[in-house]
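Asks: Following the numbering used here, the numbering of the sequence shown begins with 1 at its first residue and continues without gaps.
Bear in mind the hints are in silico, worked out from the structure with no lab data behind them. Do not take every clue at face value.
As the list claims (entries may be wrong) - Here are the simulated DSBU-like cross-link-like pairs (lysine-lysine), alpha carbons at most 35 Å apart as the crow flies:
#1 Lys252 to Lys88
#2 Lys144 to Lys88
#3 Lys10 to Lys61
#4 Lys61 to Lys202
#5 Lys167 to Lys101
#6 Lys167 to Lys202
#7 Lys202 to Lys88
#8 Lys247 to Lys144
#9 Lys202 to Lys251
#10 Lys61 to Lys101
#11 Lys247 to Lys4
#12 Lys233 to Lys10
#13 Lys252 to Lys202
#14 Lys224 to Lys144
#15 Lys251 to Lys10
#16 Lys10 to Lys237
#17 Lys233 to Lys252
#18 Lys251 to Lys88
#19 Lys4 to Lys202
#20 Lys167 to Lys252
#21 Lys224 to Lys10
#22 Lys167 to Lys224
#23 Lys237 to Lys224
#24 Lys251 to Lys167
Claimed, not checked - What follows is a set of in silico ranges between Cβ atoms, one per label pair, in the way DEER data are often shown:
#25 Glu198 to Tyr14: 19 to 25 Å
#26 Pro222 to Lys61: 42 to 48 Å
#27 Ala19 to Pro103: 29 to 35 Å
#28 Asp45 to Tyr140: 22 to 28 Å
#29 Glu198 to Ala148: 45 to 51 Å
#30 Val87 to Tyr140: 39 to 45 Å
#31 Lys202 to Pro222: 16 to 22 Å
#32 Val242 to Gln89: 33 to 39 Å
#33 Ala100 to Gly74: 43 to 49 Å
#34 Asn22 to Glu198: 21 to 27 Å
Each residue gets a CB set at the ideal place from its N, CA and C atoms; glycine is no exception.
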Amino acid sequence: MAAKLSITIKPLNYGDIDACANISRDSFAVDPHTIVKQLGRDGYDMHAMARRGYLANLERKNMIFVKAVDENTGAVVGYGGWVFPHVKQELVPWIGPSDAKPPSEPKETDTGAKTEKPSEDREPDSIDRLHAMEDEDMQYFQHKLIPANEPCMIIMGLAVAPAHQSKGVGRVLISHGNAIADSLGLPIWVHSSHQAVEAYGKGGFEPVRMLDIDLDEYAPRPPKDDEPVMGDKGGGKWGHYVIKYMKREPKK
1 MAAKLSITIK PLNYGDIDAC ANISRDSFAV DPHTIVKQLG RDGYDMHAMA
51 RRGYLANLER KNMIFVKAVD ENTGAVVGYG GWVFPHVKQE LVPWIGPSDA
101 KPPSEPKETD TGAKTEKPSE DREPDSIDRL HAMEDEDMQY FQHKLIPANE
151 PCMIIMGLAV APAHQSKGVG RVLISHGNAI ADSLGLPIWV HSSHQAVEAY
201 GKGGFEPVRM LDIDLDEYAP RPPKDDEPVM GDKGGGKWGH YVIKYMKREP
251 KK
(Lines of atoms letter the chains of each structure in order from A and count residues from 1; the text may use other names and numbers.)
(Lines give C-alpha, C1' and ligand atoms only; values in the text may rest on other atoms or scores of the structure.)
Protein backbone atom coordinates (compact mmCIF):
# COMPACT_ATOMS: atom_id res chain seq x y z
CA MET A 1 0.00 0.00 0.00
CA ALA A 2 1.24 3.50 -0.85
CA ALA A 3 2.46 5.59 2.05
CA LYS A 4 -0.03 8.11 3.39
CA LEU A 5 0.71 11.79 2.92
CA SER A 6 0.54 14.55 5.51
CA ILE A 7 -2.23 16.71 4.07
CA THR A 8 -3.50 20.16 4.99
CA ILE A 9 -6.81 21.46 3.67
CA LYS A 10 -6.75 25.14 2.71
CA PRO A 11 -9.08 27.54 0.88
CA LEU A 12 -8.56 27.63 -2.87
CA ASN A 13 -7.09 30.80 -4.38
CA TYR A 14 -7.14 32.07 -7.94
CA GLY A 15 -3.44 31.29 -8.12
CA ASP A 16 -4.28 27.60 -7.59
CA ILE A 17 -6.64 27.33 -10.54
CA ASP A 18 -4.12 26.05 -13.07
CA ALA A 19 -2.85 23.38 -10.66
CA CYS A 20 -6.41 22.19 -10.02
CA ALA A 21 -7.29 22.27 -13.71
CA ASN A 22 -4.23 20.10 -14.38
CA ILE A 23 -5.41 17.64 -11.73
CA SER A 24 -8.87 17.53 -13.31
CA ARG A 25 -7.39 16.81 -16.73
CA ASP A 26 -4.84 14.27 -15.53
CA SER A 27 -7.13 12.35 -13.17
CA PHE A 28 -9.64 11.74 -15.99
CA ALA A 29 -7.03 11.00 -18.67
CA VAL A 30 -7.52 7.25 -18.23
CA ASP A 31 -11.30 7.42 -17.75
CA PRO A 32 -13.00 5.59 -20.67
CA HIS A 33 -16.15 7.72 -20.36
CA THR A 34 -14.14 10.93 -20.70
CA ILE A 35 -12.05 9.54 -23.55
CA VAL A 36 -15.18 8.66 -25.52
CA LYS A 37 -16.55 12.17 -25.02
CA GLN A 38 -13.28 13.59 -26.33
CA LEU A 39 -13.94 11.81 -29.64
CA GLY A 40 -16.79 14.22 -30.41
CA ARG A 41 -16.38 16.98 -32.95
CA ASP A 42 -16.37 19.63 -30.20
CA GLY A 43 -13.84 17.81 -28.04
CA TYR A 44 -14.08 17.64 -24.26
CA ASP A 45 -11.34 19.69 -22.62
CA MET A 46 -11.32 18.90 -18.89
CA HIS A 47 -8.62 21.49 -18.19
CA ALA A 48 -10.52 24.33 -19.87
CA MET A 49 -13.84 23.37 -18.27
CA ALA A 50 -12.33 23.22 -14.79
CA ARG A 51 -10.57 26.52 -15.25
CA ARG A 52 -13.72 28.28 -16.44
CA GLY A 53 -15.67 26.83 -13.55
CA TYR A 54 -13.25 28.10 -10.92
CA LEU A 55 -13.03 31.55 -12.45
CA ALA A 56 -16.82 31.80 -12.48
CA ASN A 57 -17.52 30.35 -9.03
CA LEU A 58 -14.70 31.02 -6.54
CA GLU A 59 -16.31 34.28 -5.43
CA ARG A 60 -19.80 32.80 -4.97
CA LYS A 61 -20.69 32.63 -1.30
CA ASN A 62 -22.97 29.60 -1.55
CA MET A 63 -20.01 27.46 -2.60
CA ILE A 64 -16.75 26.50 -0.95
CA PHE A 65 -13.60 25.28 -2.68
CA VAL A 66 -10.53 23.82 -1.01
CA LYS A 67 -7.18 22.41 -1.98
CA ALA A 68 -5.31 19.49 -0.46
CA VAL A 69 -1.68 20.48 0.12
CA ASP A 70 1.21 18.08 0.70
CA GLU A 71 2.80 19.42 3.89
CA ASN A 72 6.25 18.16 2.87
CA THR A 73 6.40 19.73 -0.59
CA GLY A 74 3.74 22.45 -0.53
CA ALA A 75 2.27 21.02 -3.75
CA VAL A 76 -1.46 21.04 -4.45
CA VAL A 77 -2.34 17.34 -4.77
CA GLY A 78 -6.13 17.48 -4.80
CA TYR A 79 -9.19 19.69 -4.63
CA GLY A 80 -12.82 19.63 -3.57
CA GLY A 81 -15.84 21.83 -4.08
CA TRP A 82 -19.31 21.87 -2.51
CA VAL A 83 -22.43 23.94 -3.19
CA PHE A 84 -25.08 24.63 -0.51
CA PRO A 85 -28.56 24.80 -2.09
CA HIS A 86 -31.27 26.36 0.10
CA VAL A 87 -28.83 26.86 3.00
CA LYS A 88 -28.84 30.23 4.75
CA GLN A 89 -25.85 32.26 3.66
CA GLU A 90 -24.66 32.92 7.22
CA LEU A 91 -24.34 29.16 7.81
CA VAL A 92 -22.06 28.48 4.85
CA PRO A 93 -18.42 28.41 6.07
CA TRP A 94 -17.24 30.43 3.11
CA ILE A 95 -13.66 31.69 2.97
CA GLY A 96 -13.01 33.47 -0.27
CA PRO A 97 -9.77 33.55 -2.22
CA SER A 98 -7.08 35.71 -0.67
CA ASP A 99 -5.70 36.85 -4.03
CA ALA A 100 -7.16 38.97 -6.80
CA LYS A 101 -9.29 37.54 -9.58
CA PRO A 102 -7.37 37.60 -12.89
CA PRO A 103 -8.77 39.63 -15.78
CA SER A 104 -11.21 37.97 -18.15
CA GLU A 105 -9.68 35.99 -20.97
CA PRO A 106 -11.02 35.37 -24.47
CA LYS A 107 -12.29 31.86 -25.05
CA GLU A 108 -9.69 30.19 -27.20
CA THR A 109 -8.64 26.74 -28.24
CA ASP A 110 -5.17 25.37 -27.67
CA THR A 111 -4.20 26.71 -31.08
CA GLY A 112 -5.24 30.24 -30.17
CA ALA A 113 -8.39 30.35 -32.28
CA LYS A 114 -11.58 31.56 -30.64
CA THR A 115 -14.05 28.77 -30.03
CA GLU A 116 -17.37 28.85 -31.81
CA LYS A 117 -20.62 27.72 -30.25
CA PRO A 118 -21.91 24.63 -32.05
CA SER A 119 -24.68 25.42 -34.51
CA GLU A 120 -28.09 24.57 -33.07
CA ASP A 121 -29.38 23.42 -36.46
CA ARG A 122 -26.64 20.89 -37.17
CA GLU A 123 -27.47 17.21 -37.12
CA PRO A 124 -26.59 15.74 -33.70
CA ASP A 125 -23.87 13.10 -33.77
CA SER A 126 -23.50 10.20 -31.35
CA ILE A 127 -21.52 12.23 -28.81
CA ASP A 128 -24.12 15.00 -28.94
CA ARG A 129 -26.72 12.34 -28.09
CA LEU A 130 -24.55 11.12 -25.21
CA HIS A 131 -24.30 14.63 -23.79
CA ALA A 132 -28.06 15.15 -24.17
CA MET A 133 -28.87 11.87 -22.42
CA GLU A 134 -26.54 12.67 -19.53
CA ASP A 135 -27.83 16.24 -19.26
CA GLU A 136 -31.39 14.93 -19.01
CA ASP A 137 -30.38 12.50 -16.27
CA MET A 138 -28.52 15.26 -14.42
CA GLN A 139 -31.65 17.41 -14.52
CA TYR A 140 -33.56 14.53 -12.95
CA PHE A 141 -30.89 14.26 -10.24
CA GLN A 142 -30.92 17.97 -9.45
CA HIS A 143 -34.66 18.61 -9.64
CA LYS A 144 -36.38 15.29 -8.88
CA LEU A 145 -34.05 13.04 -6.92
CA ILE A 146 -32.92 15.81 -4.57
CA PRO A 147 -36.07 16.97 -2.75
CA ALA A 148 -37.20 20.43 -3.80
CA ASN A 149 -36.14 23.23 -1.43
CA GLU A 150 -34.27 20.80 0.84
CA PRO A 151 -31.18 22.38 2.44
CA CYS A 152 -28.26 20.16 1.51
CA MET A 153 -24.74 20.02 0.14
CA ILE A 154 -23.76 18.77 -3.31
CA ILE A 155 -20.21 17.81 -4.23
CA MET A 156 -19.40 19.80 -7.36
CA GLY A 157 -16.06 18.16 -7.94
CA LEU A 158 -13.37 16.29 -6.06
CA ALA A 159 -10.19 14.87 -7.54
CA VAL A 160 -6.67 13.80 -6.62
CA ALA A 161 -3.54 14.07 -8.76
CA PRO A 162 -2.75 10.61 -10.22
CA ALA A 163 0.72 10.49 -8.64
CA HIS A 164 -0.85 10.99 -5.20
CA GLN A 165 -3.83 8.66 -5.42
CA SER A 166 -4.23 5.79 -2.94
CA LYS A 167 -2.39 7.84 -0.32
CA GLY A 168 -5.35 9.08 1.69
CA VAL A 169 -5.84 12.42 -0.07
CA GLY A 170 -9.35 11.66 -1.30
CA ARG A 171 -10.36 10.42 2.14
CA VAL A 172 -9.20 13.67 3.73
CA LEU A 173 -11.12 15.76 1.18
CA ILE A 174 -14.31 13.72 1.56
CA SER A 175 -14.00 13.86 5.36
CA HIS A 176 -13.61 17.65 5.21
CA GLY A 177 -16.95 18.02 3.46
CA ASN A 178 -18.59 15.42 5.71
CA ALA A 179 -17.51 17.32 8.82
CA ILE A 180 -19.15 20.50 7.52
CA ALA A 181 -22.33 18.59 6.68
CA ASP A 182 -22.46 17.01 10.13
CA SER A 183 -21.96 20.35 11.86
CA LEU A 184 -24.88 21.81 9.90
CA GLY A 185 -27.06 18.69 9.95
CA LEU A 186 -27.11 18.48 6.15
CA PRO A 187 -27.22 15.54 3.76
CA ILE A 188 -24.63 15.49 0.98
CA TRP A 189 -25.30 14.37 -2.58
CA VAL A 190 -22.78 13.42 -5.25
CA HIS A 191 -22.82 12.42 -8.91
CA SER A 192 -19.99 9.88 -8.77
CA SER A 193 -17.77 8.66 -11.55
CA HIS A 194 -17.25 4.92 -11.82
CA GLN A 195 -13.78 5.18 -10.29
CA ALA A 196 -14.86 7.20 -7.23
CA VAL A 197 -17.78 5.06 -6.05
CA GLU A 198 -15.67 2.99 -3.66
CA ALA A 199 -14.12 6.07 -2.04
CA TYR A 200 -17.51 7.68 -1.50
CA GLY A 201 -18.86 4.43 -0.13
CA LYS A 202 -16.09 4.39 2.47
CA GLY A 203 -17.07 7.99 3.28
CA GLY A 204 -20.61 6.96 4.19
CA PHE A 205 -22.37 7.60 0.88
CA GLU A 206 -25.07 5.21 -0.32
CA PRO A 207 -26.18 4.82 -3.96
CA VAL A 208 -29.74 5.93 -4.68
CA ARG A 209 -29.76 5.82 -8.48
CA MET A 210 -27.42 4.77 -11.25
CA LEU A 211 -26.95 5.49 -14.93
CA ASP A 212 -25.55 2.58 -16.95
CA ILE A 213 -24.00 3.88 -20.17
CA ASP A 214 -23.15 1.54 -23.02
CA LEU A 215 -20.16 3.48 -24.32
CA ASP A 216 -20.10 1.49 -27.55
CA GLU A 217 -23.57 2.80 -28.41
CA TYR A 218 -22.15 6.32 -28.59
CA ALA A 219 -18.46 6.00 -29.41
CA PRO A 220 -17.70 6.92 -33.05
CA ARG A 221 -15.00 4.25 -33.20
CA PRO A 222 -13.80 1.23 -31.22
CA PRO A 223 -10.98 1.66 -28.70
CA LYS A 224 -7.36 1.41 -29.75
CA ASP A 225 -5.29 -1.34 -28.19
CA ASP A 226 -3.59 1.05 -25.74
CA GLU A 227 -6.72 2.97 -24.68
CA PRO A 228 -8.38 2.33 -21.30
CA VAL A 229 -11.68 0.45 -21.44
CA MET A 230 -14.21 -0.88 -18.96
CA GLY A 231 -13.04 -4.45 -18.53
CA ASP A 232 -10.31 -6.28 -20.37
CA LYS A 233 -8.46 -4.70 -23.26
CA GLY A 234 -8.29 -6.33 -26.64
CA GLY A 235 -11.97 -7.07 -27.14
CA GLY A 236 -12.66 -4.03 -29.32
CA LYS A 237 -15.29 -2.71 -26.89
CA TRP A 238 -15.36 0.34 -24.61
CA GLY A 239 -17.79 -1.44 -22.29
CA HIS A 240 -20.41 -0.21 -19.84
CA TYR A 241 -19.71 2.80 -17.62
CA VAL A 242 -21.83 3.23 -14.49
CA ILE A 243 -22.42 6.63 -12.91
CA LYS A 244 -23.92 6.51 -9.43
CA TYR A 245 -25.92 9.19 -7.66
CA MET A 246 -25.14 8.84 -3.97
CA LYS A 247 -26.31 10.39 -0.70
CA ARG A 248 -24.82 10.63 2.76
CA GLU A 249 -27.02 11.43 5.75
CA PRO A 250 -25.53 13.66 8.46
CA LYS A 251 -24.19 12.10 11.61
CA LYS A 252 -25.36 13.52 14.92
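Asks: For the pair supplied as a hint, Lys10 and Lys237, is the alpha-carbon distance within the 35 Å limit?
Replies: Judged against 35 Å, a Cα distance of about 42 Å means the pair is violated.
Asks: If you draw a straight line from the CA of Lys167 to the CA of Lys101, is it 35 Å or shorter?
Replies: Answer holds: Lys167 to Lys101 is near 32 Å, not above 35 Å.
Asks: Holds or violated: Lys237 with Lys224, Cα cutoff 35 Å?
Replies: holds, 9 Å
Asks: Given the proposed pairing of Lys252 with Lys202, does the C-alpha separation stay at or below 35 Å?
Replies: holds, 18 Å
Asks: For the pair supplied as a hint, Lys233 and Lys252, confirm whether the alpha-carbon distance does not exceed 35 Å.
Replies: violated, 46 Å
Asks: Holds or violated: are the alpha carbons of Lys224 and Lys144 at most 35 Å from each other?
Replies: violated, 38 Å
Asks: Has the given pair, Lys251 with Lys167, been kept, meaning a C-alpha gap of at most 35 Å?
Replies: With Cα atoms ~25 Å apart, Lys251 and Lys167 stay inside 35 Å; holds.
Asks: Below or equal to 35 Å on CA atoms is what counts here, so check Lys233 against Lys10.
Replies: Violated, because 40 Å separates the two Cα atoms, which is more than 35 Å.
Asks: Between Lys61 and Lys202, is the straight-line Cα distance small enough, at 35 Å or below?
Replies: holds, 29 Å
Asks: Assess, step by step, whether the Cα of Lys251 is no farther than 35 Å from the Cα of Lys88, and give holds or violated.
Replies: Given that 35 Å is the threshold and the Cα spacing comes to 20 Å, the pair holds.
Asks: Can the suggested window of 42 to 48 Å be confirmed for the beta-carbon pair Pro222 and Lys61?
Replies: The hinted range 42 to 48 Å holds for Pro222 and Lys61, with Cβ atoms some 47 Å apart.
Asks: With a cut-off of 35 Å on the C-alpha distance, tell me whether Lys10 and Lys61 pass.
Replies: holds, 16 Å
Consistency note: the structure conflicts with the earlier hints numbered 12, 14, 16, 17, 21, 25, 27, 29, 30, 31, 33.
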